[in-house]
Amino acid sequence: MKFASFAQFIAMGHHGPFVWSAYAIGTVVVIWNVAAPWLARRRYLQQEARRLRRERQA
Amino acid sequence: MSVLAELLKREVRLLCRRPGELLNPLVFFAIVVALFPLALGAQPQLLQAVAPGLVWVAALLAVLLSLEGLFRSDFEDGSLEQMVLSPQPLALLMLAKVLVHWLFSGLALVLLAPLLGVMLGLPLVCLPVLLASLLLGTPVLSLLGAIGAALTVGLKRGGLLLALLVLPLYIPVLILGSGALQAALQGLPSGGYLLWLASLAALALALAPLAIAAGLRISVAE
Amino acid sequence: MSWTWFHKWGSPKWFYALAGRLQPWLALAAALLLAVGVVWGLAFAPPDYQQGNSFRIIYIHVPAAMLAQSCYVLMALAGVVSLVWKMKVADIAIHCAAPVGASMTALALLTGAIWGKPTWGAWWVWDARLTSMLILLFLYAGVIALGNAIGNRDSAGKACAVLSIVGVVNIPIIKYSVQWWSTLHQGATFSLTEKPAMPAEMWLPLLFTVLGFYCLFGAVLLARMRLALLQREARSGWAQAAVRQALGGGLAP
Numbered sequence: 001m002k003f004a005s006f007a008q009f010i011a012m013g014h015h016g017p018f019v020w021s022a023y024a025i026g027t028v029v030v031i032w033n034v035a036a037p038w039l040a041r042r043r044y045l046q047q048e049a050r051r052l053r054r055e056r057q058a
Numbered sequence: 001m002s003v004l005a006e007l008l009k010r011e012v013r014l015l016c017r018r019p020g021e022l023l024n025p026l027v028f029f030a031i032v033v034a035l036f037p038l039a040l041g042a043q044p045q046l047l048q049a050v051a052p053g054l055v056w057v058a059a060l061l062a063v064l065l066s067l068e069g070l071f072r073s074d075f076e077d078g079s080l081e082q083m084v085l086s087p088q089p090l091a092l093l094m095l096a097k098v099l100v101h102w103l104f105s106g107l108a109l110v111l112l113a114p115l116l117g118v119m120l121g122l123p124l125v126c127l128p129v130l131l132a133s134l135l136l137g138t139p140v141l142s143l144l145g146a147i148g149a150a151l152t153v154g155l156k157r158g159g160l161l162l163a164l165l166v167l168p169l170y171i172p173v174l175i176l177g178s179g180a181l182q183a184a185l186q187g188l189p190s191g192g193y194l195l196w197l198a199s200l201a202a203l204a205l206a207l208a209p210l211a212i213a214a215g216l217r218i219s220v221a222e
Numbered sequence: 001m002s003w004t005w006f007h008k009w010g011s012p013k014w015f016y017a018l019a020g021r022l023q024p025w026l027a028l029a030a031a032l033l034l035a036v037g038v039v040w041g042l043a044f045a046p047p048d049y050q051q052g053n054s055f056r057i058i059y060i061h062v063p064a065a066m067l068a069q070s071c072y073v074l075m076a077l078a079g080v081v082s083l084v085w086k087m088k089v090a091d092i093a094i095h096c097a098a099p100v101g102a103s104m105t106a107l108a109l110l111t112g113a114i115w116g117k118p119t120w121g122a123w124w125v126w127d128a129r130l131t132s133m134l135i136l137l138f139l140y141a142g143v144i145a146l147g148n149a150i151g152n153r154d155s156a157g158k159a160c161a162v163l164s165i166v167g168v169v170n171i172p173i174i175k176y177s178v179q180w181w182s183t184l185h186q187g188a189t190f191s192l193t194e195k196p197a198m199p200a201e202m203w204l205p206l207l208f209t210v211l212g213f214y215c216l217f218g219a220v221l222l223a224r225m226r227l228a229l230l231q232r233e234a235r236s237g238w239a240q241a242a243v244r245q246a247l248g249g250g251l252a253p
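Residue numbers (the UniProt record's numbering), protein chains in the order written: chain H, 1 to 58; chain W, 1 to 222; chain X, 1 to 253.
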């Protein structure tokens with residue numbers, strides 16, 4: 001650990017806002033990349049399930 | 001070879017019948033250049049400093065504008081399909097077509113540029129470099145733009161998309177062309193820039209027709 | 001030499017199954033590598049003697065920038081495969097890789113701007129590498145726009161293939177532009193011929209995050225491609241079986 005305390009870790013030697021905003025944006029981009037295909041797949045499967053159910057009833 | 005000659009004759013005749021298509025990019029070029037002194041103010045030093053980039057950006061946009069309709073009428077009347085199906089190599093035919101188009105619209109642009117350059121306060125010693133850089137650069141712009149035109153010819157509103165596809169590809173030419181002029185303006189040798197432009201032109205002449213042909217095959221097949 | 005191994009890649013069914021097997025491992029590797037790299041880089045790597053702690057942005061900026069460029073090259077390679085061997089899987093790869101690559105380019109640009117503020121004193125500097133990243137973002141935008149504009153899926157795939165091959169000619173120019181212009185940026189971070197200038201405890205975490213980003217890219221790309229394959233092959237037997245299997249017992253009346 002290169003920091004003496006947690007407060008110093010957050011402050012990043014006066015560069016805290018820069019470092020943490022960069023990491024926040026990075027996290028958002030990674031989460032979007034993971035979530036977008038996952039949600040799209042779920043939506044497609046739900047749609048297919050509805051279609052199959054309709055066909056079975058018909 | 002006779003097919004090529006026939007195609008060249010046909011293109012020349014078609015372009016002569018529609019002089020508006022040739023004149024519009026020229027007028028556009030002049031208007032865009034005239035907008036900048038009105039927007040920036042008419043101080044001679046300022047205009048001279050921005051002139052290299054300004055002439056090049058205006059020329060680039062004018063070439064782009066002239067290319068939107070390059071394949072449009074041939075696509076609509078079905079002659080493009082005939083060219084795609086003909087036994088002649090499509091890439092060669094398209095190279096001829098683009099070169100004829102450049103000879104009429106691009107070359108006129110090159111010849112108009114010194115006049116506008118003088119109006120922006122470029123010294124006369126810079127004009128040969130301006131001519132040489134545009135002479136080497138505008139064929140590259142035409143060839144690259146034709147790739148975009150080939151890919152978007154089947155689309156209803158291809159104009160904006162064409163700009164989106166092609167403008168990023170124009171950036172190296174823009175950098176080298178305005179760089180050459182900037183160097184000449186500061187009294188530095190500009191030969192290196194022009195040689196780079198020439199090699200880009202050779203590369204585009206060799207490779208772009210293949211991409212144009214591939215793009216047209218896709219658009220016609222749709 | 002037998003080419004069956006290559007042509008297998010053209011089979012959507014085979015690719016779907018293989019991607020399904022690979023995906024969890026890539027996701028796991030990405031999670032582990034990123035966790036180790038980020039914690040190491042943020043808390044344990046020594047601060048830079050000039051830039052202080054702001055250099056820790058490198059652990060996202062450089063992987064995103066590397067991935068953004070590799071992704072475009074991958075799209076162009078897939079474009080060649082699509083045009084020469086007419087493989088549907090390659091078309092789908094271009095279509096699925098473009099948004100991921102664009103997001104990575106945007107991430108590299110944003111983190112670069114944030115890093116630039118404490119380092120150069122300005123959010124944006126028209127330096128060679130930032131500018132070429134911006135051009136790369138425009139190139140991605142072109143591929144995505146062209147893919148959306150063409151209605152027919154097959155011709156959209158082929159048109160994007162042509163465009164990404166044309167665009168990849170720009171990637172060497174992106175590289176050489178670093179030499180053309182004098183630049184405010186640091187020199188290349190990784191070089192294969194020289195020893196890296198950073199001490200090991202600074203570049204090792206970077207290696208972890210770079211590998212982590214590549215694994216993440218692989219997992220995300222495979223996930224997107226599997227969905228696109230299911231949608232495009234919806235009429236074929238294997239896709240319907242795969243949908244039924246994914247739905248599991250949820251279909252019971």
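The set of hints was computed from the structure by calculation and includes no laboratory data. Among the hints, a few may not be true.
[Stated by the list, open to error] From the structure, some residues in chain H lie toward chain X, with a derived Cβ separation under 7 Å:
1. Trp20
2. Glu48
3. Ala49
[Stated by the list, open to error] Here are some chain X residues pointing at chain W (derived, C-beta under 8 Å):
4. Gln51
5. Met66
6. Ser70
7. Val84
8. Met133
9. Phe138
10. Ala141
11. Ala145
12. Ala149
13. Ala159
14. Leu163
15. Val166
16. Val168
[Claimed, not checked] BS3-like cross-link-like pairs, simulated, lysine-lysine; straight-line CA separation at most 30 Å:
17. Lys88/X x Lys156/W
18. Lys156/W x Lys9/W
19. Lys13/X x Lys86/X
20. Lys13/X x Lys117/X
21. Lys156/W x Lys86/X
22. Lys86/X x Lys8/X
Every residue, glycine too, gets a C-beta built ideally from N, C-alpha and C.
Now the hints, each set against the structure:
Of the supplied interface hints, the one on Trp20/H is violated, with its beta-carbon coming no nearer than about 10 Å to a beta-carbon of chain X, more than 7 Å. Hint status for Glu48/H relative to chain X: holds, with the closest Cβ pair at about 5 Å, below 7 Å. At about 5 Å, the closest approach between the beta carbon of Ala49/H and any beta carbon in chain X falls short of 7 Å, and the interface hint on this residue holds. Violation of the interface hint for Gln51/X is found here, the shortest Cβ-Cβ separation to chain W being roughly 29 Å, above the 8 Å cut-off.
Hint status for Met66/X: violated, given a least beta-carbon distance of 20 Å to chain W, over 8 Å. For Ser70/X, the suggested interface contact is broken, since its CB lies about 18 Å from the closest CB of chain W, more than 8 Å. For Val84/X, the shortest C-beta to C-beta distance to chain W is roughly 11 Å, which exceeds 8 Å, and the interface hint is violated. Annotation: interface hint on Met133/X violated; nearest CB of chain W at approximately 12 Å, more than 8 Å.
Annotation: Phe138/X was flagged as interfacial toward chain W, and the flag holds, the nearest CB pair being 4 Å apart, inside 8 Å. With 8 Å as the threshold, the beta carbon of Ala141/X comes within range of chain W, its nearest partner Cβ sitting at about 6 Å, so the hint holds. Annotation: Ala145/X was flagged as interfacial toward chain W, and the flag holds, the nearest CB pair being 5 Å apart, inside 8 Å. Annotation: interface hint on Ala149/X holds; nearest CB of chain W at approximately 6 Å, less than 8 Å.
Because the closest C-beta pair between Ala159/X and chain W is about 5 Å apart, less than 8 Å, the hint holds. Of the supplied interface hints, the one on Leu163/X holds, with its beta-carbon coming within about 6 Å of a beta-carbon of chain W, less than 8 Å. Here the hint on Val166/X is kept, as its CB sits about 5 Å from the closest CB of chain W, short of 8 Å. Nearest Cβ of chain W to the Cβ of Val168/X: about 11 Å, over the 8 Å cut. The hint is violated.
The straight-line distance between the Cα atoms of Lys88/X and Lys156/W is roughly 26 Å, inside the 30 Å bound, and the hint therefore holds. Proposed proximity of Lys156/W and Lys9/W is supported: the alpha carbons are some 29 Å apart, at most 30 Å. At roughly 16 Å between alpha-carbon atoms, Lys13/X and Lys86/X fall within 30 Å of each other, so this suggested pair holds. Simply put, Lys13/X and Lys117/X have alpha-carbon atoms about 49 Å apart, too far for the 30 Å limit, and the pair is violated.
Restraint check for Lys156/W and Lys86/X: the C-alpha separation of about 27 Å stays at or below 30 Å, so the hint holds. Between Lys86/X and Lys8/X the alpha-carbon distance is near 13 Å, which keeps this suggested pair within the 30 Å criterion.
Hint violations for this structure: numbers 1, 4, 5, 6, 7, 8, 16, 20, all remaining hints satisfied.
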